[in-house]
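The listed protein sequences correspond, in order, to chains A and B. Taking this note's numbering, I'd label the letters of the first sequence as residues 1 to 329. Taking this note's numbering, I'd label the letters of the second sequence as residues 1001 to 1335.
Check the hints yourself; a few may be wrong.
What the hints assert, rightly or not - Calculated pairs, DSS-like style, for lysine-lysine (alpha carbon to alpha carbon, straight line, at most 25 Å):
id, chain 1, residue 1, chain 2, residue 2
1, B, 1062, A, 106
2, A, 110, B, 1089
3, B, 1018, B, 1002
4, A, 126, B, 1123
5, A, 112, A, 126
6, A, 110, A, 5
7, A, 106, B, 1080
8, B, 1018, B, 1080
9, A, 272, A, 237
10, B, 1062, B, 1107
11, A, 106, B, 1089
12, B, 1123, B, 1293
13, A, 112, B, 1089
14, B, 1123, A, 294
15, B, 1018, B, 1062
Since the hints were made in silico from the structure, they are not lab data.
Listed here are the chains, written in short residue letters.
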Amino acid sequence: MKPEKILVTGAAGFIGSNLCERLLSLGHTVCAVDNLSQGTLRNVKEFRGHPHFEFFQEDVRNGTAIESLARDATILVHLAAFKIPRYGDAYDTLTINLHGTESVLKAAVKHKAKVVLASTSDVYGKNPHLPFAETHDLYMGESNVKRWAYAVSKILDEHYCLAYQQEYGIPVTILRFFGGYGPRQNTTWWGGPQSVFIHAALTDQPMEIHGDGLQTRSFTYIDDTIDGIIRTLFAEKAAGEVFNLGNTKEVTILDLARLVWKLAGRGEPKLKFISYQTFGKYEDVRNRVPDIIKARTLLGFEPKTDLEEGLLRTIAWQKQVTGEAVPQI
Amino acid sequence: MKILITGVAGLLGSNLLKELLDRGHQVIGLDDFSLGHSLNVAPFLPHPYFTFAEESILNIEKLDAVSRDVEVIFHLAALKIPRYDGYLKTLEVNARGTEHVLECARKHNSRVIFASTDEVYGKNPEASFSEGSTLVLGESRVERWSLAISKIYGEQLCFAYAEKYNVPISILRYSGIYGPTFQLSRLSGVQDVFIYAALTGQPIPIHGDGTQSRPFTHISDAMDATLKVLETPYADGEVLNIGGGPTISVVNLAYLIWRVTGMTRKPLLRFIPYSDFSRLYEDPQHRPVEGSKARYLLGHAPKISLEEGMRLQVEWVQTHLGTIREFNPTFFLDT
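Isolated chain A (complex conformation) (with noise of 0.2 Å):
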């Protein structure tokens, strides 16, 4: 594989900081792009000092910004998004996802350059047909529900990159993450349940599981993750191509807590359900599981880490970064 300089939204973030450090590990120029909104540089310090690393803090829809600083990359990898408004406005999920991703396919049409765009599992919705393929179809609920706007914004930010590839001839590909966790991972609930599970189970606090806690979900580890972000990369027949990444085992949010909490040391776990009527008008997914038989025939992807090692790590990583005490067992 020849070096390559390698374009990074997002960089700061969970995924976009581990992507860095493999890409600089297998020899490669990285360009790092995070306007530090949801990212954050503590999650780049072991590498920032890396002779082929550089690192700007510039905002993804600044598109004269991202043109020039795409200067002879070869691949754009576009992580920058901003996830599903639990709290915030619909407003800047859709229109950061939209303004961001044209800035970076008209980039990449500047500079030839592939694109590969981050999409979420979330865009296969309320699709009760599992597991989920790529040629499934995406069911979105209602217009005035605004949890939508996230899967809605990144079907369209599909559609603009497959737009691109027909109308300019620029390669692109897009990838479908199923549930990440891992070392760097958002310790909010931006990062996912999880994360939110470790953080009460080191501080002892209740875990809050919305609804009835039987939703099921997969958890995909870090290194696996990026281990199909590396393999699509440079690989010919990904363009054009939408490919889930996530493993494929399927986990209850509620058997989810209790393994948090078993691996944390702790005793009897503390539960709190909340209703989701609290949200308001909020419509949560109830299964999601990837088939991830194109990735594994195309990329020869297959997850590695299963969830109790994966979590030991993160749990142990959490615990450092937070200053948080796990108990003596």
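Take the given structure of chain A and dock chain B to it, following the hints.
Chain B only, in chain A's frame:
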């Protein structure tokens, strides 16, 4: 009132223009003629209460300039079929264009009435679609869904502007609107292609096996509902299906049109397999849109039956065939 119509030269836009001028409103109309036709607005150009601007909604400066002092924006400008209008262009006009309109409405305190489409229900398998039904899109690699996702994005953005900036919004999901327009093609609706074929004695081109069914709504009924939305406070913050009701299979529509045109010979049909369009083409089998919310909330009652409506449409096309051919000789070549 001072009212802006984007997409004024389209089917909905030009008919709405007439209704609003008849009611004494002052209208500013915007269109770049990418889809609309200049003949649709030509009769109104001399009207003292009408101002026309030939411009795209992608030009936000111009849009901003014409939307000053406007109380209501009817946002009808959109591209519909990526196969004809361009994949990227469809996304840009529908998503970015709608953002521009909402941005101008925020600045100038206007109300936005947004034209969406029953295409947003997509492949929903339910037996009837009400406004709360799930919106089911096929996979992103199928271009067709760019219309639905860009319109759903527009709807979400309307609610986002209402939430963040208190912009008053209403969303109208129009179903199979047909009526007089000089833009006659697949873009104005399948009925116009069928009418043209029948009138010129050519086989009626049918996509797939023609068993797919669709609702059809005459423009005068669509106008009645649209004007009621303008005139009542009930539609604020609401999504409304406009039209809908009984659906007809595409092949039965072809029979109906053939009979209404008074052809003496047996109907000629030509079936075009979907595989001719694209490996990945998808066409939902049913579109059972339910219009009862508009009926009860607005007191809107559709009056024109399908048979009567198609008769009116056939008459109109027959009368204007010469003009249509003169101004757009290639309209019907692409089926």
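Hints and how they fare:
1. 1062/B - 106/A: With Cα atoms ~23 Å apart, residue 1062/B and residue 106/A stay inside 25 Å; holds.
2. 110/A - 1089/B: Status holds; Cα separation ~18 Å.
3. 1018/B - 1002/B: holds, 14 Å
4. 126/A - 1123/B: Within the cut-off at roughly 13 Å; holds.
5. 112/A - 126/A: violated, 37 Å
6. 110/A - 5/A: Cα-Cα ~15 Å, so holds.
7. 106/A - 1080/B: holds, 24 Å
8. 1018/B - 1080/B: Within the cut-off at roughly 23 Å; holds.
9. 272/A - 237/A: The given pair, whose Cα atoms are some 47 Å apart, is violated under the 25 Å limit.
10. 1062/B - 1107/B: holds, 14 Å
11. 106/A - 1089/B: Holds, because 14 Å separates the two Cα atoms, which is no more than 25 Å.
12. 1123/B - 1293/B: Cα-Cα ~21 Å, so holds.
13. 112/A - 1089/B: holds, 20 Å
14. 1123/B - 294/A: This hinted pair holds, its Cα atoms lying about 23 Å apart.
15. 1018/B - 1062/B: With a Cα-Cα distance of about 23 Å, the restraint between residue 1018/B and residue 1062/B holds, given a limit of 25 Å.
Violated hints for the displayed structure, listed by number in ascending order: 5, 9.
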